[in-house]
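Trainee: Going line by line, the protein sequences match chains S and V. The first sequence begins at 1 in the working numbering and counts up one residue at a time. The second sequence begins at 1 in the working numbering and counts up one residue at a time.
It is possible that part of the hints are untrue.
Put simply, identical chains are the same to the list, so a pair is met inside one copy or across any two.
Unchecked claim - Once the Cα atoms are required to be at most 25 Å apart in a straight line, the calculated SDA-like pairs of lysine to any residue come out as:
1. K329 with R163
2. K267 with W257
3. K295 with L259
4. K319 with R73
5. K54 with K320
6. K21 with Q126
7. K239 with G288
8. K317 with Q126
9. K333 with R264
10. K54 with S139
It should be emphasised that the hints constitute simulated quantities derived from the structure, not laboratory data.
There are 2 protein chains.
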Amino acid sequence: MNFMSIKDASKKRPTIRDVAKVADVSVATVSRFLNGKTQKMSDQTAERIRVAIKKMNYVPNSAAREMARNSSRIIAVLAANIADYFSVEIYRGISSRVEEAGYISVLLNSGSSLTHERQLLHSINQHGFDGLVFQPLTSDTEQVAGELTRDFPVVVVDRDLPRSTWPKVVTDNYEAARSTTEYFADQGFQRVVVLTSTIELASTRIQRFQGISQAASTIETIEIDENNFQPDAVYGALKKALSRPGKCLLFALKERWLLEFLPRLMKEHVIDEARTAVTGFADTALIGSICPYAKVVSQNPFLMGQRAGEILLQMLKGKKNIPEESVIKAQFKH
Amino acid sequence: MNFMSIKDASKKRPTIRDVAKVADVSVATVSRFLNGKTQKMSDQTAERIRVAIKKMNYVPNSAAREMARNSSRIIAVLAANIADYFSVEIYRGISSRVEEAGYISVLLNSGSSLTHERQLLHSINQHGFDGLVFQPLTSDTEQVAGELTRDFPVVVVDRDLPRSTWPKVVTDNYEAARSTTEYFADQGFQRVVVLTSTIELASTRIQRFQGISQAASTIETIEIDENNFQPDAVYGALKKALSRPGKCLLFALKERWLLEFLPRLMKEHVIDEARTAVTGFADTALIGSICPYAKVVSQNPFLMGQRAGEILLQMLKGKKNIPEESVIKAQFKH
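All chains should be built: construct the whole structure from the sequences, respecting the hints.
Mentor: In structure tokens form, the structure reads like this:
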């Protein structure tokens, strides 16, 4: 194999005129081909251009075209952690919407690292993306504004960036948690055991916890430090909390913790349907396979992504009066 | 809120010289700042530049810089379907490797659609990405070559593109399937029920099936058409196959089918540890929660991604003699 390096390729770069000459068509036709406007072109013409491009190793000069129209037609999506299905669904929703409008969207991953998030914001700022949808890890708006020095459209999704002026798309975390807790309280599950990552680190968790607090009689909270996760210690605390007398509701603020602990809780008969209700925010149908009587709260990340994409498109068109906050309701399946 | 549109912003665009003047530093210093080379810069200087950039709404002209160095420093990763954790892990592996070398990587998603895959290849070809790692859906190498008319580094991962000259990174599908089947055959599970999506549509599945065939005495295959998935019909066929007399091994070529059918098979006592062994290719630890005696074959998508990233970096450096095929061994946990 012989891969020409980028540098070699640039030395005697053929132009669009060279391609047109070899393919025996006009420059305008090659241009239409390069912009994907091949509907009104015969297959033979398209094929001739394709062959000419290949033969000459013509590099469509996207950078030059980008400068000419001052737009890359690429939207960046910076997700908190794409190991979470939730982040991936947000991206899929954004893609589906912006691609209809002729943009492509690319996904970048902070991977739950604040340092990495900052580096990627810096890179995104440097490159010619037309817009950004951002699921922040940080709540430090100043820092984000310090990295995003270009005035280009930004939409915040799933989390809050306090005092930022970027529009955001969120779930009704407070209300969903409150009404779900109330549903179980009405059935006699008034004591709640909350299983969660450190609450204060995410605005979504704070809101969910407040919603539960509003509707529960008694709350016992088991907070897990994700950076120092000790499964056995957490399981021990959970077992103790769930074994106290009386009916109780196990409410996980994140699907991962249900997936982690439910199988063992069921197997060791720490919980059963009559005594313990199980709920939590969940993005997949897996909980039902593990615990058939669990009733989960599902957000709609795909729809959140679509809305974020829609708002970004409006900003790209220069539309004013974009709503500061758009709420996509979570669904409690019971 | 008032979001300046991209077009407005371009009218009287400030230059790097303007920024240097306002920040009272040299153009070279601003340039170093823009390229992230701030290690030897005082915090005060960096802050002055940051403030000047923000104040003037300076747009770092990445397109111009890209033309100058003829490199975007962005790697595109086109995944088959990012709803699969496997694809996401490949991307994470690639990112971890190329970011060490000063590139960023962005993820795009074919979403199991051949049409969409083709469109995205076209877009990737148009834009100034420095390289591509590609997990193909298609096995039509001609078509891919027709879209990727630029001669830039491409690495194929997880799948085969027959007769292509692009290097590829794969799992030892045949050998992993063969040795796993042999392990169970040695324990008396010589009859195998294979649960899979349509085999002929993916090179990985063909290789796995051949590996199983090599080591099994009898094979019964249940093929699922993903575009016309009928859970009850598949469950019925599966139940029938697993209920025949004698010990048998259930071998799923894809984790999804285990997640889909195992809970019901266990609940309805169609399978038990003495009579039915359970295995399959799986990317998460979830199967163990559903069926404690299952023993799965796990590939290492993160490592596959790292290797693909490494190969791409070598190609970017113009290295010759890149190996055509790199194999990352799957692990059978028993």
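Trainee: It remains to establish, for every hint, whether it holds in the given structure.
Mentor: Comparing the hints with the structure gives:
In this homomeric assembly, K329 and R163 come within 25 Å of each other (Cα to Cα) only inside a single copy, at 23 Å, whereas the closest approach across copies is 50 Å. When the C-alpha separation of K267 and W257 is checked against a cutoff of 25 Å, the pair qualifies both within a copy, at 16 Å, and between copies, at 23 Å. Taking CA atoms no more than 25 Å apart as the test, K295 paired with L259 passes in both settings, with 14 Å inside one copy and 19 Å between copies. With identical chains, the CA atoms of K319 and R73 are at most 25 Å apart within one copy only, with a shortest distance of 18 Å there and 32 Å across copies.
For the identical chains of this complex, K54 and K320 are inter-copy neighbours only, at 21 Å across copies versus 44 Å inside a copy, given an alpha-carbon limit of 25 Å. Proximity of K21 to Q126 under the C-alpha cut-off of 25 Å is restricted to the inter-copy arrangement: shortest distance 20 Å between copies versus 36 Å within a copy. Taking the shortest Cα distances, K239 and G288 sit within 25 Å of each other both inside one copy (21 Å) and across copies (21 Å). In the homo-oligomer, the alpha carbons of K317 and Q126 lie at most 25 Å apart both inside one protomer (22 Å) and across protomers (23 Å), since each shortest distance falls under that limit.
For the homomeric pair K333 and R264, the shortest alpha-carbon distances inside one copy (24 Å) and between copies (21 Å) are both at most 25 Å. With identical chains, the CA atoms of K54 and S139 are at most 25 Å apart between copies only, with a shortest distance of 20 Å across copies and 48 Å within one.
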